[in-house]
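Peer 1: Residue-level listing of the chains:
Protein chains: 2
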Amino acid sequence: MAQVYGRVALIGLGLIASSLFWAIKRGGLAGEVTGYARSDETRATAREIGLCDRVCDTAAEAVAGADLVVLCVPVGVMGAVAAEIAPHLAPGATVTDVGSVKADVIAQVGPHLPKGVHFIPGHPLAGTEHSGPRSGFAELFDNRWCLLVPVEGTDVEAIARLRALWEGAGAHVEEMDAEHHDLVLAVTSHAPHLIAYTMVGVADDLRRVTDSEVIKYSAAGFRDFTRIAASDPTMWRDVFLTNKDATLEILGRFTEELFALQRAIRTGDGDHLHAYFTRTRAIRRGIIEAGQDTDAPNFGRGGPKP
Amino acid sequence: MAQVYGRVALIGLGLIASSLFWAIKRGGLAGEVTGYARSDETRATAREIGLCDRVCDTAAEAVAGADLVVLCVPVGVMGAVAAEIAPHLAPGATVTDVGSVKADVIAQVGPHLPKGVHFIPGHPLAGTEHSGPRSGFAELFDNRWCLLVPVEGTDVEAIARLRALWEGAGAHVEEMDAEHHDLVLAVTSHAPHLIAYTMVGVADDLRRVTDSEVIKYSAAGFRDFTRIAASDPTMWRDVFLTNKDATLEILGRFTEELFALQRAIRTGDGDHLHAYFTRTRAIRRGIIEAGQDTDAPNFGRGGPKP
Numbered sequence: 001m002a003q004v005y006g007r008v009a010l011i012g013l014g015l016i017a018s019s020l021f022w023a024i025k026r027g028g029l030a031g032e033v034t035g036y037a038r039s040d041e042t043r044a045t046a047r048e049i050g051l052c053d054r055v056c057d058t059a060a061e062a063v064a065g066a067d068l069v070v071l072c073v074p075v076g077v078m079g080a081v082a083a084e085i086a087p088h089l090a091p092g093a094t095v096t097d098v099g100s101v102k103a104d105v106i107a108q109v110g111p112h113l114p115k116g117v118h119f120i121p122g123h124p125l126a127g128t129e130h131s132g133p134r135s136g137f138a139e140l141f142d143n144r145w146c147l148l149v150p151v152e153g154t155d156v157e158a159i160a161r162l163r164a165l166w167e168g169a170g171a172h173v174e175e176m177d178a179e180h181h182d183l184v185l186a187v188t189s190h191a192p193h194l195i196a197y198t199m200v201g202v203a204d205d206l207r208r209v210t211d212s213e214v215i216k217y218s219a220a221g222f223r224d225f226t227r228i229a230a231s232d233p234t235m236w237r238d239v240f241l242t243n244k245d246a247t248l249e250i251l252g253r254f255t256e257e258l259f260a261l262q263r264a265i266r267t268g269d270g271d272h273l274h275a276y277f278t279r280t281r282a283i284r285r286g287i288i289e290a291g292q293d294t295d296a297p298n299f300g301r302g303g304p305k306p
Numbered sequence: 001m002a003q004v005y006g007r008v009a010l011i012g013l014g015l016i017a018s019s020l021f022w023a024i025k026r027g028g029l030a031g032e033v034t035g036y037a038r039s040d041e042t043r044a045t046a047r048e049i050g051l052c053d054r055v056c057d058t059a060a061e062a063v064a065g066a067d068l069v070v071l072c073v074p075v076g077v078m079g080a081v082a083a084e085i086a087p088h089l090a091p092g093a094t095v096t097d098v099g100s101v102k103a104d105v106i107a108q109v110g111p112h113l114p115k116g117v118h119f120i121p122g123h124p125l126a127g128t129e130h131s132g133p134r135s136g137f138a139e140l141f142d143n144r145w146c147l148l149v150p151v152e153g154t155d156v157e158a159i160a161r162l163r164a165l166w167e168g169a170g171a172h173v174e175e176m177d178a179e180h181h182d183l184v185l186a187v188t189s190h191a192p193h194l195i196a197y198t199m200v201g202v203a204d205d206l207r208r209v210t211d212s213e214v215i216k217y218s219a220a221g222f223r224d225f226t227r228i229a230a231s232d233p234t235m236w237r238d239v240f241l242t243n244k245d246a247t248l249e250i251l252g253r254f255t256e257e258l259f260a261l262q263r264a265i266r267t268g269d270g271d272h273l274h275a276y277f278t279r280t281r282a283i284r285r286g287i288i289e290a291g292q293d294t295d296a297p298n299f300g301r302g303g304p305k306p
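Here the protein sequences line up with chains A and B, keeping their order.
Going by full-length UniProt numbering, the residue at position 300 of the first sequence is 300; the numbering climbs one at a time, nothing skipped.
Going by full-length UniProt numbering, the residue at position 168 of the second sequence is 168; the numbering climbs one at a time, nothing skipped.
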């Protein structure tokens with residue numbers, strides 16, 4: 001694959017940044033990748049495992065001379081990080097991010113960036129329940145979507161180049177406006193995560209059912225919730241606080257629907273339940289046909305030998 | 001492995017029955033396995049794929065002379081099936097079931113069974129989102145739990161024999177009383193399933209976010225819900241109708257907790273959210289340490305190469 005950028009700077013070295021680094025190396029997509037993380041420990045780990053060609057002790061040093069700067073920090077600190085790096089950005093550089101919320105990030109980051117720097121917010125829809133510099137792997141973005149949310153008037157050439165980087169990392173790229181992004185993600189990600197966190201918390205609270213029983217007997221459905229609810233707490237706190245309106249709207253719809261199903265259970269309305277459960281099955285088929293999940297039972301864990 | 005029963009009859013030939021058949025064959029746990037399903041199509045499929053040594057056209061024929069009869073039908077029809085087979089049961093035979101609810105099944109089935117027949121309700125905590133006679137595989141119960149819920153005064157020898165069958169099929173066996181079972185399962189399985197069904201239904205309803213977007217961008221969390229919500233509609237309708245009280249109690253707790261988190265989002269209480277999300281992470285570690293799930297990211301789908 002051809003080199004897309006001369007120098008890429010990764011600010012924040014968690015799951016997404018480390019995966020992007022390995023994907024860039026796999027594809028030969030950049031001449032040099034610099035990296036910075038606020039924590040001494042993370043920088044030491046990065047140096048130990050060869051994460052980034054050069055790990056810098058300040059964000060300013062990492063972004064100096066970079067053609068592309070990727071902000072890979074929790075959504076809540078994007079603005080502060082942008083303020084910190086702004087004076088050190090090279091003219092003509094592109095700044096992007098990987099945050100799960102877009103309208104709020106645009107409001108936080110945009111005002112800090114100097115004229116002549118291209119700001120193209122982004123969001124790769126990929127992740128696992130693991131976090132930190134050791135959790136990354138080159139295949140994370142393969143066949144996943146990366147959404148770009150360029151603000152009006154953004155340089156077309158700069159967008160094409162960022163798109164090429166993500167495509168080189170294995171992703172399909174699509175453009176979308178920020179408000180629509182935030183609503184789509186509230187449905188496909190933010191509300192499901194809050195619901196999973198809630199259910200796991202409820203199970204933990206129940207004193208009559210001991211923790212050890214909840215854990216032993218988790219294979220009956222609950223364990224899938226626990227995987228989602230094991231994601232990074234700081235990242236998710238920031239997501240909910242910055243995509244408040246869309247998340248609360250979807251949760252309102254969810255509660256309304258849950259109450260209707262609870263009433264059907266209470267009144268013994270089996271037809272209502274059966275019809276509802278039949279409808280939801282079809283969505284699963286759509287996801288498998290779209291190549292966004294495996295049809296192997298239980299995601300392939302402990303399934304039949306092929 | 002040693003033969004445990006001379007003849008086993010499977011009534012109903014879906015995921016659990018077909019997996020049990022293949023596990024019995026793998027372990028040499030029975031001399032002959034007969035099978036019956038109400039639908040002509042299912043019986044024809046079973047004959048085609050060699051599911052059961054003998055597929056019978058009536059339940060009466062299947063249970064005649066069987067040492068063990070396993071009811072593998074939806075919870076809602078357990079009573080009707082018990083009434084149908086009762087006159088044909090061999091003296092000294094054991095009847096068990098695999099239903100996800102126990103108190104209601106005991107109330108439905110118990111009264112029909114003649115004296116001299118041992119009734120030992122059971123529940124293997126294993127499954128996938130697939131259903132039907134083709135979905136079974138011998139490894140389904142390996143390292144999973146099977147809960148036995150014997151009523152008071154049940155023959156100890158009969159319990160030991162049924163335990164040996166499930167252990168031969170790969171499961172760990174534990175005994176529990178019916179009410180406790182139904183509460184534990186409401187937490188670990190029934191409430192999570194209803195919640196997943198609800199969230200998938202909500203996503204399907206949203207017209208501003210098109211179906212195709214929900215499907216395309218599902219990898220961000222939602223797709224795990226769709227797997228759970230793809231389970232058999234009839235089975236789950238019956239579970240909710242027959243474990244009504246425990247399920248509604250847990251859903252009540254869930255709603256209470258969800259409202260508290262929604263309020264934290266609305267008021268911007270990040271500390272509350274962060275503390276909650278940190279606590280739920282610990283439960284995930286417990287499940288992995290207990291060997292009930294894999295630590296591979298995303299359940300191993302698309303993760304790093306080992």
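In case anyone wonders, no lab produced these hints; they're calculated from the structure.
Treat the hints with care, since some could be wrong.
Since the list gives no way to pick out one identical chain from another, each pair is judged satisfied if it fits inside one copy or across any two copies.
Unchecked claim - In silico DMTMM-like pairs for lysine to aspartate or glutamate, Cα to Cα no more than 25 Å straight-line: (1) Lys244 with Glu41; (2) Lys115 with Asp177; (3) Lys25 with Asp177; (4) Lys216 with Glu139; (5) Lys25 with Glu174; (6) Lys216 with Glu289; (7) Lys244 with Asp269; (8) Lys244 with Glu167; (9) Lys244 with Glu257; (10) Lys25 with Glu129; (11) Lys115 with Glu61; (12) Lys115 with Glu256; (13) Lys216 with Glu167; (14) Lys115 with Asp67.
Computed from a predicted structure; not experimentally measured.
Peer 1: Enumerate the violated hints, using their earlier numbering and listing them in ascending order.
Peer 2: 1, 3, 8, 12
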